[in-house]
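Chemist: The task is simple: from the sequences and hints, build the whole structure.
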Amino acid sequence: MVFWTLVLAALLFAFGPGLFDQDDASPPGPTVPAAAGNPPAAATGPSSPRVPDASAASSGGALPSPAMTRSAPSRLKIAKIGVDAPFTDLEIGPSGALNPPPADDTNLVGWHAAGVSPGETGTAVVAGHLDTATAPAVFARLGELAAGDTFQVQRQDGSTAVFRVDSVESFDKDDFPDDRVYEDTPRALVRLITCAGAYDRTARDYTENLVVFAHLELVD
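Residue 120 in the working numbering sits at position 120 of the sequence shown; the count goes up by one each step and never skips.
Keep in mind the hints are simulated off the structure, nothing from the lab.
Don't take every hint at face value.
[Unchecked claim] The calculated EDC-like cross-link candidates involving lysine to aspartate or glutamate, where the alpha carbons are at most 20 Å apart (straight line), are: (1) K80 x D166; (2) K77 x D149; (3) K80 x D220.
Modeler: Rendered as C-alpha coordinates:
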(Lines of atoms letter the chains of each structure in order from A and count residues from 1; the text may use other names and numbers.)
(Lines give C-alpha, C1' and ligand atoms only; values in the text may rest on other atoms or scores of the structure.)
Protein backbone atom coordinates (compact mmCIF):
# COMPACT_ATOMS: atom_id res chain seq x y z
CA MET A 1 0.00 0.00 0.00
CA VAL A 2 3.00 2.28 0.45
CA PHE A 3 3.33 2.51 -3.31
CA TRP A 4 -0.19 3.84 -3.85
CA THR A 5 -0.15 5.91 -0.71
CA LEU A 6 2.77 7.72 -2.22
CA VAL A 7 0.86 8.20 -5.43
CA LEU A 8 -2.12 9.60 -3.67
CA ALA A 9 -0.02 11.88 -1.55
CA ALA A 10 1.65 13.21 -4.62
CA LEU A 11 -1.64 13.77 -6.33
CA LEU A 12 -3.28 15.41 -3.39
CA PHE A 13 -0.28 17.61 -2.88
CA ALA A 14 -0.64 18.97 -6.37
CA PHE A 15 -4.39 18.71 -6.52
CA GLY A 16 -5.22 18.62 -2.86
CA PRO A 17 -5.95 22.05 -1.56
CA GLY A 18 -7.61 23.02 -4.74
CA LEU A 19 -6.35 21.13 -7.67
CA PHE A 20 -4.24 24.07 -8.52
CA ASP A 21 -3.20 27.25 -6.84
CA GLN A 22 -4.44 30.19 -8.86
CA ASP A 23 -5.11 33.86 -8.45
CA ASP A 24 -7.40 34.39 -5.47
CA ALA A 25 -9.89 36.08 -7.80
CA SER A 26 -10.74 32.63 -9.09
CA PRO A 27 -10.71 29.14 -7.59
CA PRO A 28 -7.94 26.71 -8.46
CA GLY A 29 -8.22 23.29 -9.98
CA PRO A 30 -7.78 19.86 -8.34
CA THR A 31 -4.71 19.03 -6.33
CA VAL A 32 -3.01 15.67 -6.03
CA PRO A 33 -1.35 14.89 -2.68
CA ALA A 34 2.17 13.91 -2.05
CA ALA A 35 3.18 11.21 0.38
CA ALA A 36 6.35 10.81 2.32
CA GLY A 37 8.65 7.86 2.24
CA ASN A 38 10.44 5.82 -0.38
CA PRO A 39 8.53 3.69 -2.89
CA PRO A 40 9.42 0.07 -3.54
CA ALA A 41 12.26 -0.63 -5.92
CA ALA A 42 9.88 -1.07 -8.83
CA ALA A 43 8.20 2.25 -8.23
CA THR A 44 9.17 5.83 -8.80
CA GLY A 45 7.46 9.05 -7.88
CA PRO A 46 7.49 12.23 -5.80
CA SER A 47 9.72 12.62 -2.84
CA SER A 48 7.24 13.82 -0.28
CA PRO A 49 4.51 11.68 -1.78
CA ARG A 50 5.63 9.08 -4.23
CA VAL A 51 3.82 8.14 -7.41
CA PRO A 52 4.03 4.49 -8.43
CA ASP A 53 5.95 3.40 -11.47
CA ALA A 54 4.11 1.63 -14.26
CA SER A 55 6.33 -1.40 -13.74
CA ALA A 56 5.33 -1.87 -10.13
CA ALA A 57 3.39 -5.05 -9.49
CA SER A 58 -0.06 -4.78 -7.97
CA SER A 59 -1.94 -7.06 -5.64
CA GLY A 60 -5.38 -7.22 -4.14
CA GLY A 61 -8.32 -9.44 -3.28
CA ALA A 62 -10.74 -8.62 -6.09
CA LEU A 63 -10.91 -10.67 -9.26
CA PRO A 64 -8.94 -8.92 -11.98
CA SER A 65 -10.75 -7.13 -14.79
CA PRO A 66 -9.57 -7.70 -18.33
CA ALA A 67 -6.49 -5.51 -18.61
CA MET A 68 -4.77 -3.99 -21.60
CA THR A 69 -1.12 -3.65 -22.48
CA ARG A 70 0.52 -0.31 -21.70
CA SER A 71 -0.25 2.59 -24.05
CA ALA A 72 -0.37 6.31 -23.42
CA PRO A 73 -3.87 7.85 -23.49
CA SER A 74 -4.69 10.35 -26.22
CA ARG A 75 -8.25 11.52 -25.53
CA LEU A 76 -10.87 11.39 -22.76
CA LYS A 77 -14.53 11.29 -23.78
CA ILE A 78 -17.36 11.56 -21.25
CA ALA A 79 -20.56 11.97 -23.28
CA LYS A 80 -22.83 12.62 -20.30
CA ILE A 81 -21.02 15.82 -19.31
CA GLY A 82 -19.75 16.90 -22.71
CA VAL A 83 -16.06 16.16 -22.16
CA ASP A 84 -13.92 15.52 -25.23
CA ALA A 85 -10.39 16.47 -24.25
CA PRO A 86 -6.82 15.60 -25.16
CA PHE A 87 -4.31 14.33 -22.60
CA THR A 88 -1.05 15.87 -21.53
CA ASP A 89 1.72 14.08 -19.63
CA LEU A 90 2.15 15.11 -16.00
CA GLU A 91 5.45 14.76 -14.17
CA ILE A 92 6.64 14.97 -10.61
CA GLY A 93 7.98 18.45 -9.87
CA PRO A 94 10.89 19.58 -7.65
CA SER A 95 8.58 19.63 -4.62
CA GLY A 96 7.85 15.93 -5.06
CA ALA A 97 4.24 16.57 -6.12
CA LEU A 98 2.60 15.80 -9.42
CA ASN A 99 2.50 18.95 -11.53
CA PRO A 100 -1.04 19.88 -12.67
CA PRO A 101 -2.07 20.57 -16.28
CA PRO A 102 -1.56 24.15 -17.54
CA ALA A 103 -3.85 26.41 -15.50
CA ASP A 104 -5.08 28.43 -18.47
CA ASP A 105 -6.26 25.52 -20.66
CA THR A 106 -9.99 24.85 -20.16
CA ASN A 107 -10.07 21.63 -22.21
CA LEU A 108 -7.12 19.49 -21.16
CA VAL A 109 -6.68 16.54 -18.80
CA GLY A 110 -3.43 15.11 -17.48
CA TRP A 111 -2.18 11.69 -16.45
CA HIS A 112 0.92 10.65 -14.53
CA ALA A 113 3.05 9.51 -17.44
CA ALA A 114 5.43 7.47 -15.26
CA GLY A 115 2.53 5.63 -13.66
CA VAL A 116 -0.15 3.21 -14.81
CA SER A 117 -1.79 4.00 -18.15
CA PRO A 118 -5.63 3.90 -18.33
CA GLY A 119 -6.66 0.32 -19.14
CA GLU A 120 -3.47 -1.21 -17.78
CA THR A 121 -3.44 -3.34 -14.62
CA GLY A 122 -3.36 -1.04 -11.59
CA THR A 123 -4.88 2.34 -10.76
CA ALA A 124 -4.41 5.09 -13.34
CA VAL A 125 -4.80 8.70 -12.24
CA VAL A 126 -6.34 11.38 -14.45
CA ALA A 127 -6.54 14.98 -13.20
CA GLY A 128 -8.29 18.01 -14.60
CA HIS A 129 -9.18 21.55 -13.56
CA LEU A 130 -12.58 22.49 -12.21
CA ASP A 131 -12.12 26.00 -13.55
CA THR A 132 -9.53 28.55 -14.54
CA ALA A 133 -9.18 32.19 -13.53
CA THR A 134 -11.67 33.15 -16.22
CA ALA A 135 -13.95 30.21 -17.05
CA PRO A 136 -15.20 26.72 -16.18
CA ALA A 137 -12.70 24.02 -17.14
CA VAL A 138 -12.76 20.46 -18.40
CA PHE A 139 -13.99 18.86 -15.14
CA ALA A 140 -16.53 21.57 -14.23
CA ARG A 141 -19.38 19.02 -14.47
CA LEU A 142 -17.52 15.95 -13.17
CA GLY A 143 -19.78 15.81 -10.12
CA GLU A 144 -22.77 15.03 -12.37
CA LEU A 145 -21.45 11.53 -13.04
CA ALA A 146 -23.03 8.66 -11.12
CA ALA A 147 -22.49 4.94 -10.59
CA GLY A 148 -23.21 3.07 -13.81
CA ASP A 149 -22.18 5.88 -16.17
CA THR A 150 -19.47 5.11 -18.70
CA PHE A 151 -16.66 7.06 -20.34
CA GLN A 152 -13.94 6.32 -22.87
CA VAL A 153 -10.20 6.74 -22.99
CA GLN A 154 -8.78 6.61 -26.50
CA ARG A 155 -5.19 5.36 -26.53
CA GLN A 156 -2.22 5.93 -28.78
CA ASP A 157 -2.15 2.27 -29.85
CA GLY A 158 -5.54 2.80 -31.54
CA SER A 159 -7.58 1.00 -28.89
CA THR A 160 -10.33 2.50 -26.73
CA ALA A 161 -10.79 1.60 -23.06
CA VAL A 162 -14.37 1.90 -21.82
CA PHE A 163 -14.71 2.48 -18.08
CA ARG A 164 -17.79 2.18 -15.88
CA VAL A 165 -18.21 4.44 -12.86
CA ASP A 166 -18.40 2.66 -9.49
CA SER A 167 -18.89 5.75 -7.33
CA VAL A 168 -18.38 9.50 -7.18
CA GLU A 169 -17.22 10.90 -3.84
CA SER A 170 -15.85 14.08 -2.30
CA PHE A 171 -13.16 14.12 0.36
CA ASP A 172 -11.82 16.87 2.57
CA LYS A 173 -8.31 17.64 1.42
CA ASP A 174 -7.09 17.30 4.99
CA ASP A 175 -8.52 13.79 5.23
CA PHE A 176 -7.92 12.29 1.79
CA PRO A 177 -8.10 8.44 1.72
CA ASP A 178 -4.87 7.77 -0.15
CA ASP A 179 -4.96 3.98 0.21
CA ARG A 180 -8.45 3.81 -1.21
CA VAL A 181 -8.02 6.27 -4.05
CA TYR A 182 -4.62 4.98 -5.13
CA GLU A 183 -5.61 1.39 -4.60
CA ASP A 184 -3.01 -1.32 -5.14
CA THR A 185 -5.00 -3.75 -7.28
CA PRO A 186 -4.81 -6.57 -9.86
CA ARG A 187 -7.65 -4.90 -11.76
CA ALA A 188 -7.60 -2.12 -14.35
CA LEU A 189 -8.95 0.94 -12.52
CA VAL A 190 -8.94 4.68 -13.12
CA ARG A 191 -9.56 7.71 -10.91
CA LEU A 192 -10.73 11.04 -12.29
CA ILE A 193 -9.82 13.81 -9.84
CA THR A 194 -10.69 17.49 -9.57
CA CYS A 195 -11.42 20.10 -6.91
CA ALA A 196 -14.70 20.41 -5.02
CA GLY A 197 -16.24 21.99 -1.94
CA ALA A 198 -16.05 25.65 -1.01
CA TYR A 199 -13.36 27.97 -2.27
CA ASP A 200 -11.26 29.30 0.59
CA ARG A 201 -9.99 32.71 -0.53
CA THR A 202 -7.57 32.91 2.36
CA ALA A 203 -5.94 29.61 1.46
CA ARG A 204 -6.59 30.26 -2.25
CA ASP A 205 -7.79 26.72 -2.62
CA TYR A 206 -10.86 24.50 -2.62
CA THR A 207 -11.59 22.56 0.54
CA GLU A 208 -12.26 19.19 -1.09
CA ASN A 209 -11.32 16.85 -3.91
CA LEU A 210 -13.91 15.09 -6.05
CA VAL A 211 -12.94 11.57 -7.11
CA VAL A 212 -14.64 9.38 -9.70
CA PHE A 213 -13.88 5.69 -9.07
CA ALA A 214 -14.17 3.53 -12.20
CA HIS A 215 -13.13 0.14 -13.56
CA LEU A 216 -12.34 -1.13 -17.05
CA GLU A 217 -15.57 -2.44 -18.57
CA LEU A 218 -14.48 -3.41 -22.06
CA VAL A 219 -11.99 -2.78 -24.82
CA ASP A 220 -13.25 -1.35 -28.09
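Chemist: Each hint needs a verdict: does it hold in this structure or not?
Modeler: Hint check results:
With a CA separation close to 15 Å, the supplied pair K80 and D166 stays within the 20 Å bound. Between K77 and D149 the CA atoms are separated by roughly 12 Å; this keeps the pair inside 20 Å, and the hint holds. Distance check on the hinted pair: K80 and D220 sit about 19 Å apart at the alpha-carbon level, within 20 Å; holds.
Every hint from the earlier list agrees with this structure, and none is contradicted.
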